[in-house]
Amino acid sequence: MKHDLMFRDEIESIVARAYRELENPQGPAMGLYDPEQHSGLPESVQSWALWVGNPLRHAGLQPGETVLDLGSGSGIDVLVAARQVGEAGKAIGIDMLPEMVERSELFAEEAGISNVEFILGRMDDIPLEDGSVDVIISNGSINLAARKSRVFAEAQRVLRKGGRFCVSDLTIDEEDLPTEILTHPSAWAG
Amino acid sequence: MKRVGFTNIEVVNREPFGIDQARLYPLFTGDVIELMVNLIPPEQQDRIAVSITVTADNPA
Numbered sequence: 001m002k003h004d005l006m007f008r009d010e011i012e013s014i015v016a017r018a019y020r021e022l023e024n025p026q027g028p029a030m031g032l033y034d035p036e037q038h039s040g041l042p043e044s045v046q047s048w049a050l051w052v053g054n055p056l057r058h059a060g061l062q063p064g065e066t067v068l069d070l071g072s073g074s075g076i077d078v079l080v081a082a083r084q085v086g087e088a089g090k091a092i093g094i095d096m097l098p099e100m101v102e103r104s105e106l107f108a109e110e111a112g113i114s115n116v117e118f119i120l121g122r123m124d125d126i127p128l129e130d131g132s133v134d135v136i137i138s139n140g141s142i143n144l145a146a147r148k149s150r151v152f153a154e155a156q157r158v159l160r161k162g163g164r165f166c167v168s169d170l171t172i173d174e175e176d177l178p179t180e181i182l183t184h185p186s187a188w189a190g
Numbered sequence: 001m002k003r004v005g006f007t008n009i010e011v012v013n014r015e016p017f018g019i020d021q022a023r024l025y026p027l028f029t030g031d032v033i034e035l036m037v038n039l040i041p042p043e044q045q046d047r048i049a050v051s052i053t054v055t056a057d058n059p060a
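The listed protein sequences derive, respectively, from chains A and B. The numbering used here puts the first residue of the first sequence at 1, with every later residue one more than the last. The numbering used here puts the first residue of the second sequence at 1, with every later residue one more than the last.
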């Protein structure tokens, strides 16, 4: 934890800069989604699929549930989740970059999906009440957080008792990668 | 996750993630891709990381 705190600002700066500089990522992760998940989403939305897995395939969302996506980025998983929980439910995305929150709101409007909310905030300090969501998902974002233990603690706090957590992310075996790569900024921002 | 109270923690999916996939992500810059190609043995380049999906419960 001490190590994480020492470098938190530097790590967040690297991650924020990398995401802010993105222009047209060409949807490298769309192949990870099931066709019925992205069916009907505008191409402009799909081009921003930058995820590493498909947590929604395993989250077992039910109509009426409230879902929270940690590090929601451009918001695609939030939109897919919103369709799964239906109008009686709600999907919330939280991201630390205003650019991503604005893009998510635009994409939701383009997709015609209204049961969503996008919050500017941090995964390690979630601005939601205790026990206020039924399901938490995340896709390729927690690996970018400087204080991962704090993210898990916050997730547990806002999740209701009996709630579910489902996350896709990248992990590495540090012994398999050379030091030059492990210490490169992209090792955080990627 | 276990330390903060999650239970039934389970890895439900595991997929290798290689350099060719990393190339598709703008966040992996050209210089780090080049570094990986040069420093990682060819037989490991299709699994530089693992994409995992983990599920867990918050106890009732």
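Take the hints with a grain of salt, since some may be wrong.
Unchecked claim - Pairs of lysine to any residue, SDA-like flavour, derived with a Cα cap of 25 angstroms:
| hint | chain 1 | residue 1 | chain 2 | residue 2 |
| --- | --- | --- | --- | --- |
| 1 | B | K2 | A | P63 |
| 2 | B | K2 | A | L170 |
| 3 | A | K148 | A | E110 |
| 4 | A | K148 | B | E34 |
| 5 | A | K148 | B | V4 |
| 6 | A | K161 | B | E43 |
| 7 | B | K2 | A | H58 |
| 8 | A | K161 | A | E105 |
| 9 | A | K161 | A | Q62 |
| 10 | A | K148 | B | N38 |
Simulated from the structure, these hints should not be mistaken for lab results.
Q.
Next pair to validate is A:K148 with B:N38; report whether the Cα-Cα distance is within 25 angstroms.
A. 31 angstroms, violated
Q: Would you check the hint for A:K161 and A:Q62, treating anything up to 25 angstroms between C-alpha atoms as holding?
A: 16 angstroms, holds
Q. Quick one, are A:K148 and A:E110 close enough, alpha carbons at most 25 angstroms?
A. 33 angstroms, violated
(Q) Does B:E34 sit within 25 angstroms of A:K148, going by the straight-line distance between their CA atoms? (A) 29 angstroms, violated
Q: For the pair we were handed, B:K2 and A:P63, check the Cα-Cα distance against 25 angstroms.
A: Violated, because 28 angstroms separates the two Cα atoms, which is more than 25 angstroms.
Q.
Hinted pair, alpha-carbon criterion (25 angstroms max): B:K2, A:L170. Please report holds or violated.
A. 19 angstroms, holds
Q: Take a quick look at whether B:K2 and A:H58 sit within 25 angstroms of each other, Cα to Cα.
A: 19 angstroms, holds
(Q) What's the verdict on A:K148 and B:V4, does the C-alpha distance respect the 25 angstroms limit or exceed it? (A) 11 angstroms, holds
Q. When you check the alpha-carbon spacing of A:K161 and A:E105, does it fall within 25 angstroms?
A. 29 angstroms, violated
**Q.** Pair hint A:K161 and B:E43, alpha-carbon separation not exceeding 25 angstroms
**A.** 45 angstroms, violated
The structure fails hints 1, 3, 4, 6, 8 and 10 (numbered hints given earlier, in ascending order).
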